[in-house]
Amino acid sequence: MDIREQIKSYIAETFLFSDDGFEFSDDDSFLDEGIVDSMGVLEIIMFLEETFGFSVEDEEIKPENFDSVNNLYSYIQRKAPTAVSAS
Amino acid sequence: MTTKAFHPDILKLDPEKETERIVEHIRHTTFKVLRRKGGVVGVSGGIDSSVVLALAARAMKPARIVALLMPEMESSPESALMGRELCHKFNIEPLVEDMTGPLWGFGAYQRRDEAIKRLFPEYDSTYKFKITLPTDLLQERKLNFFSATIISPEGEVQTKRLPPKELRQIVAATNFKQRTRASMLYYHADLHDFAVLGTPQRNEHGQGFFVKNGDGAMDVRPIGHLYKTQVYQLAEYLGVPESIRSRPPTTDTYTAGSTQEEFFFRLPFETMDLIWYGLENDIPAAVVAEGMDLEEAQVEHVYADLLQKKRTTEYLRLPPLGLADS
Numbered sequence: 226m227d228i229r230e231q232i233k234s235y236i237a238e239t240f241l242f243s244d245d246g247f248e249f250s251d252d253d254s255f256l257d258e259g260i261v262d263s264m265g266v267l268e269i270i271m272f273l274e275e276t277f278g279f280s281v282e283d284e285e286i287k288p289e290n291f292d293s294v295n296n297l298y299s300y301i302q303r304k305a306p307t308a309v310s311a312s
Numbered sequence: 002m003t004t005k006a007f008h009p010d011i012l013k014l015d016p017e018k019e020t021e022r023i024v025e026h027i028r029h030t031t032f033k034v035l036r037r038k039g040g041v042v043g044v045s046g047g048i049d050s051s052v053v054l055a056l057a058a059r060a061m062k063p064a065r066i067v068a069l070l071m072p073e074m075e076s077s078p079e080s081a082l083m084g085r086e087l088c089h090k091f092n093i094e095p096l097v098e099d100m101t102g103p104l105w106g107f108g109a110y111q112r113r114d115e116a117i118k119r120l121f122p123e124y125d126s127t128y129k130f131k132i133t134l135p136t137d138l139l140q141e142r143k144l145n146f147f148s149a150t151i152i153s154p155e156g157e158v159q160t161k162r163l164p165p166k167e168l169r170q171i172v173a174a175t176n177f178k179q180r181t182r183a184s185m186l187y188y189h190a191d192l193h194d195f196a197v198l199g200t201p202q203r204n205e206h207g208q209g210f211f212v213k214n215g216d217g218a219m220d221v222r223p224i225g226h227l228y229k230t231q232v233y234q235l236a237e238y239l240g241v242p243e244s245i246r247s248r249p250p251t252t253d254t255y256t257a258g259s260t261q262e263e264f265f266f267r268l269p270f271e272t273m274d275l276i277w278y279g280l281e282n283d284i285p286a287a288v289v290a291e292g293m294d295l296e297e298a299q300v301e302h303v304y305a306d307l308l309q310k311k312r313t314t315e316y317l318r319l320p321p322l323g324l325a326d327s
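Listed in order, the protein sequences are those of chains A and B. When we follow my numbering, the leftmost residue of the first sequence carries the number 226, and every step to the right adds one. When we follow my numbering, the leftmost residue of the second sequence carries the number 2, and every step to the right adds one.
The following block holds chain A by itself, in its conformation from the complex:
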């Protein structure tokens, strides 16, 4: 599955409890939309580490990397370029 779709499907299932998939745009802020809280941030970290096999450093846990589908995609691209090119 495409990485963006993987992210959207994970967010929809874990935080939106929705059968309609991810209903926001790829740039919408997870924080501003009230999608994730502090527990949600930890869940996303775990999703990234388990799915893409890299370690998230504390200093990387900031909105520029985590706050939207596009931010997450760019972050994964930087941390695991092979995962992105293979998708």
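In case anyone wonders, no lab produced these hints; they're calculated from the structure. It cannot be assumed that every hint is accurate.
To be verified - Keeping only pairs whose Cα atoms sit at most 30 Å apart, straight-line, the calculated DSS-like set for lysine-lysine is:
| no. | chain 1 | residue 1 | chain 2 | residue 2 |
| --- | --- | --- | --- | --- |
| 1 | B | 161 | A | 304 |
| 2 | A | 287 | A | 304 |
| 3 | B | 13 | A | 304 |
Because the structure is a prediction, the values reported are computed rather than measured.
Could you slot chain B onto chain A? The hints should help.
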């Protein structure tokens, strides 16, 4: 729309008038609205419960007040000493209920320690432990994620980011502390036909720094409208002992003694209160920044953090929802 005025003294109170207003509120709600015969206050030795007790002492005769100290085996002994000092200052004889037994009964310590041990296998009861959020909120916008710190008997400190499963278990187990205390407060309230006078102030309520049905359980909320720095202003006026007023607010929930700033708020209260006021009153970040000698981006970081906390903790402030409410 006109922007409200903003200056660093905006939260200065007239403590005498504010005290009169709250005392009248306590009397009216307890006796006339709730038709209870007095008030129960859980005294922690911290600033908020001290102010509530001092206000109750002005609103009611000592015989109509139950001041409960509810230590458990991990509470700081200093807290109980300060609680006693406070009660004596206001001529109220404190009642002591040791919560260790009920907490053992619930398995609170064991359930929490199981989760800590999954993260730090060497952890045992000789270690101290706390959980914290990143601080330096003004410097950089970081997301809120909790870390666990253990301190060995030799003083060796280890910190790790908490995985969600362990964080949930630690928080769920630790919340037994606030919820068993709430049960004890209501035991004494029922015993005397009294109301529970709660101790959360504005920041705790608005940002969700309380345990639902724990320290969030109460009948009257005397200081729920006050910012933390205003609670300190009242404390001074009411004669709360200096030892309590000069102590940094702690959670007194974790053995390593985390302050409320590192556990939740991420900023000193003097800074946070003014920015929280700005946010609540729709004052542009640039205006707040100018009034506080900060950069606009710093205030924006804090606005974003406060909004996130407010939004994600909304469920804590909602009453039970039934079909009749929809």
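So, going through the hints one by one against the coordinates:
With a CA separation close to 21 Å, the supplied pair residue 161 (chain B) and residue 304 (chain A) stays within the 30 Å bound. Taken as a hint, the residue 287 (chain A) and residue 304 (chain A) pair is honoured in the structure, with Cα atoms around 15 Å apart against an allowance of 30 Å. For the suggested pair residue 13 (chain B) and residue 304 (chain A), the alpha carbons sit about 49 Å apart, so the restraint of at most 30 Å is broken.
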